[in-house]
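Q: The residues making up each chain are set out below.
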Amino acid sequence: MTLVHTSVPALAVPPRDAPLEPWQRPVAIDVERLNFFYGAKRALEDISVRISSHLVTAFIGPSGCGKSTFLRTLNRMNDIIPGTRVEGKVLIEGRDIYAPGTDVVALRRRVGMVFQKSNPFPKTIFENVAYGVRINGLTRSRAELEERVEESLQSAAIWDEVKDRLHDSALALSGGQQQRLCIARALAIRPEILLMDEPASALDPIATQRIEELIYSLKSSYTIVIVTHNMQQAARVSDRTAFFWLGRLIEYGATDRIFTNPAEKLTEDYVTGRFG
Amino acid sequence: MNRDTRRRILSHVVITLCGMAILVALVPLVLVLFHVISQGISSLNFAFFTEMPRPVGEPGGGMANAIAGSLIVTLLGAVFAIPIGVMSGIYAAEYSGTRIAGAVRFAADTLNGVPSIVIGVFVYTIAVLPFRSFSALAGGLALGIMMIPLIMRTTEELLRLVPPTLREGALALGATRARAVFTVVVPAALPGILTGILLALARIAGETAPLLFTAFNNRFWSTDVTQPISTLTVQVFTYAIAPYEDWHRQAWAGALVLVMMVFICSLLARLATARMERMQRGG
Chain A
921 MTLVHTSVPA
931 LAVPPRDAPL
941 EPWQRPVAID
951 VERLNFFYGA
961 KRALEDISVR
971 ISSHLVTAFI
981 GPSGCGKSTF
991 LRTLNRMNDI
1001 IPGTRVEGKV
1011 LIEGRDIYAP
1021 GTDVVALRRR
1031 VGMVFQKSNP
1041 FPKTIFENVA
1051 YGVRINGLTR
1061 SRAELEERVE
1071 ESLQSAAIWD
1081 EVKDRLHDSA
1091 LALSGGQQQR
1101 LCIARALAIR
1111 PEILLMDEPA
1121 SALDPIATQR
1131 IEELIYSLKS
1141 SYTIVIVTHN
1151 MQQAARVSDR
1161 TAFFWLGRLI
1171 EYGATDRIFT
1181 NPAEKLTEDY
1191 VTGRFG
Chain B
1249 MNRDTRRRIL
1259 SHVVITLCGM
1269 AILVALVPLV
1279 LVLFHVISQG
1289 ISSLNFAFFT
1299 EMPRPVGEPG
1309 GGMANAIAGS
1319 LIVTLLGAVF
1329 AIPIGVMSGI
1339 YAAEYSGTRI
1349 AGAVRFAADT
1359 LNGVPSIVIG
1369 VFVYTIAVLP
1379 FRSFSALAGG
1389 LALGIMMIPL
1399 IMRTTEELLR
1409 LVPPTLREGA
1419 LALGATRARA
1429 VFTVVVPAAL
1439 PGILTGILLA
1449 LARIAGETAP
1459 LLFTAFNNRF
1469 WSTDVTQPIS
1479 TLTVQVFTYA
1489 IAPYEDWHRQ
1499 AWAGALVLVM
1509 MVFICSLLAR
1519 LATARMERMQ
1529 RGG
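Taken in order, these protein sequences are the chains called A and B.
The numbering of the first sequence is this note's numbering, which starts it at 921 and goes up by one.
The numbering of the second sequence is this note's numbering, which starts it at 1249 and goes up by one.
Accuracy of the hints is not assured; some may be wrong.
Here are the simulated lysine to aspartate or glutamate pairs, EDC-like style, with alpha carbons at most 20 Å apart [as the list claims (entries may be wrong)]: (1) A:K1043 / A:E1007; (2) A:K1083 / A:E1071; (3) A:K1043 / A:D1016; (4) A:K1139 / A:D1176; (5) A:K1043 / B:D1357; (6) A:K1043 / A:E1067; (7) A:K1043 / B:E1525; (8) A:K1037 / B:E1493; (9) A:K1009 / A:E965.
None of these hints come from the bench; they were simulated from the model.
Bear in mind the structure is a predicted one, so any value in this text is a computation, not a measurement.
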């Protein structure tokens, strides 16, 4: 397959707000020829991609194209599925996370994840956010922990809604609030990278909008990779877009270009709604 | 007759049949309860709970020692069975695909099917003969062995019902597998596991056969776990087969107390579950 990095011709002096081109940005995740197998079935074929730090990268593509599977290879979440196998390299800060001896727990601390269906623990709101901080021993005192929880809830734009009921069950929150709580929970361990697997697909439009605004506000502090089957969402929130089809990466580049001037016919057919 | 009419009639027939099946299933329960209550209530008084059995011919007295004994033996059974049952249930759920888990599951199902008298004889040989004494401990061990498969299977089933996304959530935050299981998965299933334990308790509290060769019986007040101990079930059995009218009445009262204990246990199970679930949901 061909990995297409074509892009709008680089200007000598880019406009002030224009995102830097991929090669001008520090690379957060460098994937080299990744193959992924469910048993004998190859679900991902030779994926190579460089994900730039402090940008939002969206993975789009039809159902079953491998975008979620690919996302889950980035924090080794697929490890827990029996009968799966990975070939190739995923370099995060220059180190291959599939190299033998990799500390998966430490990796997942640096690469946080938010899931498609919000999955708050059946604990209080406070305990949900404190969970990762506690198990990783990140704070030394109760005061420090409380501070961390508040800060995380604030970053996830849910503090005002829950500050008076931190010790109520998280399951009493609405779907959108639960998802923002899960984002707060992921932020509390201060990851460098945040993976989001269709974080708004189960939410109503207003809750979705809040999540999108949140993503926008988080990208200055985190490298965000988001899987979405909603193309408008990808266009709205992301700087880079990668289009997957049948386990292959068809095209990757600046979001504007992918949606307005795709290089590949498949990409064009997909983004214009001809299939998918 | 058109299709719609036929479908409606068939639907009514099937629903009626289901309703009748429920009635048939409830009849024995209602009959047993009615019989035990009507026969037992007349002999049940405050003294039954506080006094010791009296010698033959002397009317009155109670089963205080047997009530205490039943509680002690059942509690001992729970102490043996809860850790083993819960831990093996966790193992079977966590390593559900492995051969060992399959073997454990098969062993539990087999154990569940072993007649209780056989378990009694088994415990007799391992915990009574070597010490040359019947004991409350041996009785508790016998009941515990009966509880293990019950607790293990409910624990396993309930852990499997916990959505995998919860476990993934914990792993994604840097939890190890054991940590995710013990801090997220097990707590999420806890209300159900607790219900399973209480129902298992209610189920074995009514066992007689495993106690005949283990806890035996004791005419006196005893809370010494190394000594034979009286239990309600064995006491009811002994009194019911005796030729004395007064003992028969006492046996009915004992049966009623036993049914009440089981009923309270089941009720507690329901209440505890509902309460814990409400707390988790935060309603």
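Q: Decide, hint by hint, whether the structure agrees.
A: Hint check results:
1. A:K1043 / A:E1007: It is violated: about 38 Å lies between the C-alpha atoms, which goes past 20 Å.
2. A:K1083 / A:E1071: Given pair K1083 (chain A), E1071 (chain A) holds - Cα atoms ~11 Å apart, limit 20 Å.
3. A:K1043 / A:D1016: violated, 35 Å
4. A:K1139 / A:D1176: Holds, because 18 Å separates the two Cα atoms, which is no more than 20 Å.
5. A:K1043 / B:D1357: Given that 20 Å is the threshold and the Cα spacing comes to 34 Å, the pair is violated.
6. A:K1043 / A:E1067: holds, 19 Å
7. A:K1043 / B:E1525: Between K1043 (chain A) and E1525 (chain B) the Cα gap is close to 11 Å, so the pair holds against 20 Å.
8. A:K1037 / B:E1493: This hinted pair is violated, its Cα atoms lying about 67 Å apart.
9. A:K1009 / A:E965: holds, 13 Å
Consistency note: the structure conflicts with the earlier hints numbered 1, 3, 5, 8.
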